[in-house]
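Protein chains in written order, with our numbering: chain A, 74 to 389; chain B, 74 to 389.
Treat the hints as calculated values from the structure; they're not laboratory data. Where hints are given, some of them may not hold.
As the list claims (entries may be wrong) - Here chain A is said to cover these stretches of chain B; the calculated rule only asks that three of the stretch's residues, wherever they fall, bring their Cβ under 8 Å from a Cβ of chain A:
{"id": "1", "stretch": "74-82"}
{"id": "2", "stretch": "151-158"}
{"id": "3", "stretch": "336-344"}
{"id": "4", "stretch": "363-376"}
Unchecked claim - One-sided excerpt, in silico: chain B residues whose CB lies under 7 Å from chain A:
{"id": "5", "residue": "108"}
{"id": "6", "residue": "136"}
{"id": "7", "residue": "162"}
{"id": "8", "residue": "166"}
{"id": "9", "residue": "193"}
{"id": "10", "residue": "204"}
{"id": "11", "residue": "255"}
{"id": "12", "residue": "257"}
{"id": "13", "residue": "382"}
{"id": "14", "residue": "384"}
To be verified - The list that follows gives simulated cross-link-like pairs (lysine-lysine, PhoX-like), each with its CA atoms no further than 20 Å apart:
{"id": "15", "chain 1": "A", "residue 1": "359", "chain 2": "A", "residue 2": "325"}
{"id": "16", "chain 1": "A", "residue 1": "356", "chain 2": "A", "residue 2": "273"}
{"id": "17", "chain 1": "B", "residue 1": "134", "chain 2": "A", "residue 2": "161"}
{"id": "18", "chain 1": "A", "residue 1": "232", "chain 2": "A", "residue 2": "311"}
{"id": "19", "chain 1": "A", "residue 1": "78", "chain 2": "A", "residue 2": "129"}
{"id": "20", "chain 1": "A", "residue 1": "311", "chain 2": "A", "residue 2": "170"}
{"id": "21", "chain 1": "A", "residue 1": "258", "chain 2": "B", "residue 2": "260"}
{"id": "22", "chain 1": "A", "residue 1": "260", "chain 2": "B", "residue 2": "161"}
{"id": "23", "chain 1": "B", "residue 1": "258", "chain 2": "A", "residue 2": "258"}
{"id": "24", "chain 1": "B", "residue 1": "311", "chain 2": "B", "residue 2": "273"}
{"id": "25", "chain 1": "B", "residue 1": "273", "chain 2": "B", "residue 2": "161"}
{"id": "26", "chain 1": "B", "residue 1": "134", "chain 2": "B", "residue 2": "311"}
Glycine included, C-beta positions come from ideal geometry on N, C-alpha and C.
2 protein chains.
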Amino acid sequence: MMTDKLIDKIRKTGAPIVVGLDPMMKFVPEHIKRLAFEAKGETLEGAAEAIWLYNKEIIDKTYDLIPAVKPQIAMYEQFGIAGLAAFKKTVDYCKEKDLIVIGDVKRGDIGSTSEAYAAAHLGRVNVGSSVCAGFDEDFATVNPYLGSDGIQPFINICKEEKKGIFILVKTSNSSSGEFQDRLVKDKDTERPLYEIVGEKVAEWGEQLVGENGYSSVGAVVGATYPEQGRVLRRLMPKTFILVPGYGAQGGKGKDLIHFFDDNRLGAIINSSRGIIAAYQNEKYEKFGALNFADASRQAVIDMIEDIDQAFAGVER
Amino acid sequence: MMTDKLIDKIRKTGAPIVVGLDPMMKFVPEHIKRLAFEAKGETLEGAAEAIWLYNKEIIDKTYDLIPAVKPQIAMYEQFGIAGLAAFKKTVDYCKEKDLIVIGDVKRGDIGSTSEAYAAAHLGRVNVGSSVCAGFDEDFATVNPYLGSDGIQPFINICKEEKKGIFILVKTSNSSSGEFQDRLVKDKDTERPLYEIVGEKVAEWGEQLVGENGYSSVGAVVGATYPEQGRVLRRLMPKTFILVPGYGAQGGKGKDLIHFFDDNRLGAIINSSRGIIAAYQNEKYEKFGALNFADASRQAVIDMIEDIDQAFAGVER
C-alpha cells in the first residue's frame, strides 16, 4: 500500500513533511534563468528548462531529509507541453531519489473520464499490445465535487497499481467556506459540508486500508483550519491527511498537532514557497541567490524542528 | 466577449451543439490505429498520432455544421506528453477551422495556482521579455469546490483575454447528487447545494456580461437532470449553460428545451461518443469503419434535427 510506504519514509526521516515543488518564475534565481534562456531561448522551452534546473538543485539538497515531494502541476502546465515535460522530468528524478511523489493535480471527472485521469497520473494505458505509463506519480490529489462516480475509478487504479489519492475535504484558502462550510441537513441535525465529504472519504477509504491502519485514500485539510482539522482527524480515523497552508499561507507549527494521531502519524505537512523560495525570505537571505538550494535545506531543517517543538510543547 | 462569439456561431449554424472530442482508443478504427502505429510504434506517440488522425477526420467532416468543439483533456493526458501534444494540435486545428474550442479540463485550485491554470488554458505567460501561450483554448471548464479564490483568477484572465469559463454546477452523472443535491441551510429555508453554487455562478458572471445579455462565465448542468435545468435556467438568467449527457448518457431532445431561453438561446448541448463513435452504433453502421467520419456528420445532422423537433413539439 502506498500509504504504508509513505509512513515508512516518514518514520525513517523523522519528518512528517512534504516539499511543494511549485516553481514560479519569480522564485527562480536570475543565474538559473540566464542559463536556461541561453540554452533554449525566452520560450516555453526556456521557462521549462529554468524550472527544471531550479527543481533539480532543490531536490539534490533536500532529498535525504524528507519523505516526499508534491509538485503542483499548474505551475508546469502554464508553460504548455514543454512545462509538462519538465513536470514529468521532475517526477522521474524524484522517484530516482527514492522520494514519494504526490502529484498535486486536483483532477476530477466522471466514469471513463476519471478513469483516464487516473491512468494518466497513477496507472498505465494499453497501446496496441504494449503497456505504457503517462505521468506515473505515486499519489494524486482529487476533487470530490462530482461524487463517487468521480472517485471510484481512481480507487480502482490505486488497487491495481498500489498507488494512493488525497481527496479535497477542507481547503486552506480563505474562501473555502463558501461551499465547504455550508450547513447541510444530515438526519436530524446540521453539519458543514466538509464533514459530509470527510465521512465519505473515510467510507471510500475502507477499500484500501494498509498494515499501519491508514488508508491509501487520504484527505486534504488546510493547516489554516486547525479546529476543523481536529474534528476531521476524529471523524476519519483511518484517513491520512495532507495538510497544505503551513508557512506562507499562515499555518503555524502549533496549529498542526491536531492533524496527527497520538503516535505522531496520520498527517503530512506541505510547505512550498517557504522551502523552495526560502532564499527570498529575510531569515535566509544570508545564503544569497547563488546558494538558494542551501537556504531550502536550512528551511526544511527548521520546519522539522518547528513541528517537533509543537509536539513537545503542547498537551493534546 | 467570448460568449457573444459563441452565440453568433450558434445563430449562423442553427446548431446549439458542441461535439465532444473525447477520443478513446476503442473508438478509433483499426485502419487509423494501424497507420499511426506503423509511423510511431505501439507507444504513447503512436496512441497520440492515432487520436490526432481520428480527430482530424471528424473535424474535417463536421466543422461547417457546428459552432464549437469540446476536447476532453483527460483522454489525451492519459497518453502523457505525447497525448497532450495531440490535444494542443487538436485545439489549434479547430481554431484554424474557426471553431470555438471549449477545453474540458475541469481545473480548479486557489490563488496563484488557479492563476497558473487560467494562464495555461486561456491566457499567456511571460518568459523573460517574451509572452507565450500554453494551450490557448477559448473556454475552459472549472470546478467550484474551492470557492471564489479558485474562480476569480480565471475571471480576471477571461477579462484580459476575452475568454470564457463554464463552472460545474449540477453534473450529469448518477452520483452527482451525493454532494450537489445536499440540502443546505439558506436564510430561513433549505435548498440544494447546486442552487447555491448556481447563484454564485450568476453573481461571478455579472463581471462579464456581453452584448447578448449572457455572461462569459457559464455553467455546466447535465442533460440528465432536466428539472434541475429548468430551475437553474431561471435562477441564472444571464448564465450560458453547457449541457453534457445528451445521447450516450441518456439525455433526450425533449429534456433539453428547459435549458434554453424563449429565443432558443442560453444553452449549448454536448454530444461526445454519440457523434465521434457514431459508426459503432447500429443506426449508422452502414457507413462502416472506413467512413467513420461520414457517420459522425450524419449523427450531427440528426442531433440538430432532434433538438429542432423538441422545440417544435413541446409547449414550454
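To see whether the hints hold, each was checked on the structure:
Counting residues of the stretch 74-82 of chain B whose beta carbon lies closer than 8 Å to any beta carbon of chain A gives 0, which falls short of the minimum of three for the stated coverage. Counting residues of the stretch 151-158 of chain B whose CB falls under 8 Å from any CB of chain A gives 7; the rule of at least 3 is met. Residues of the stretch 336-344 of chain B lying with their CB closer than 8 Å to a CB of chain A number 0, which falls below the three-residue condition for coverage. Taking a C-beta to C-beta cut-off of 8 Å, the stretch 363-376 of chain B contributes 0 residues in contact with chain A, too few for the three needed, and the coverage statement is violated.
With a least beta-carbon distance of about 12 Å to chain A, the hint placing residue 108(B) at the interface is violated under the 7 Å criterion. Hint status for residue 136(B): violated, given a least beta-carbon distance of 24 Å to chain A, over 7 Å. A least Cβ separation of about 10 Å between residue 162(B) and chain A goes past the 7 Å threshold, and the interface hint is therefore violated. Hint status for residue 166(B) relative to chain A: violated, with the closest Cβ pair at about 15 Å, above 7 Å.
The interface hint given for residue 193(B) holds, since its Cβ lies 4 Å from the closest Cβ of chain A, which is under the 7 Å cut-off. The closest approach between the C-beta of residue 204(B) and any C-beta of chain A is roughly 9 Å, which is over the 7 Å cut-off, so the hint fails. Here the hint on residue 255(B) is kept, as its CB sits about 5 Å from the closest CB of chain A, short of 7 Å. Below 7 Å, beta-carbon pairs count as interface contacts, and residue 257(B) has one with chain A at about 5 Å; its hint therefore holds.
For residue 382(B), the shortest C-beta to C-beta distance to chain A is roughly 28 Å, which exceeds 7 Å, and the interface hint is violated. Contact between residue 384(B) and chain A, as hinted, is not supported at the beta carbon level, the nearest pair being about 28 Å apart and thus beyond 7 Å. At most 20 Å may separate the alpha-carbon atoms for a hinted pair to count; residue 359(A) and residue 325(A) exceed this at roughly 23 Å. Our distance criterion of 20 Å between C-alpha atoms is broken by residue 356(A) and residue 273(A), whose separation comes to about 42 Å.
Of the supplied pair hints, the one linking residue 134(B) and residue 161(A) is violated, its CA atoms being roughly 35 Å apart against a limit of 20 Å. Restraint check for residue 232(A) and residue 311(A): satisfied, since their Cα atoms lie roughly 17 Å apart, inside the 20 Å limit. About 23 Å separates the Cα atoms of residue 78(A) and residue 129(A), which puts this hinted pair outside 20 Å; it is violated. A hinted pair counts as satisfied when its Cα atoms are at most 20 Å apart, and residue 311(A) with residue 170(A) does not qualify at roughly 28 Å.
In summary, the hint linking residue 258(A) to residue 260(B) is supported, as the alpha carbons are separated by about 14 Å, within the 20 Å threshold. Restraint check: the Cα-Cα separation between residue 260(A) and residue 161(B) comes to about 48 Å, which exceeds 20 Å; the hinted pair is violated. With a C-alpha separation of about 7 Å, the suggested pairing of residue 258(B) with residue 258(A) holds against the 20 Å cut-off. Pair hint residue 311(B) plus residue 273(B) holds up; C-alpha atoms about 12 Å apart against a cutoff of 20 Å.
Of the supplied pair hints, the one linking residue 273(B) and residue 161(B) is violated, its CA atoms being roughly 31 Å apart against a limit of 20 Å. Simply put, residue 134(B) and residue 311(B) have alpha-carbon atoms about 33 Å apart, too far for the 20 Å limit, and the pair is violated.
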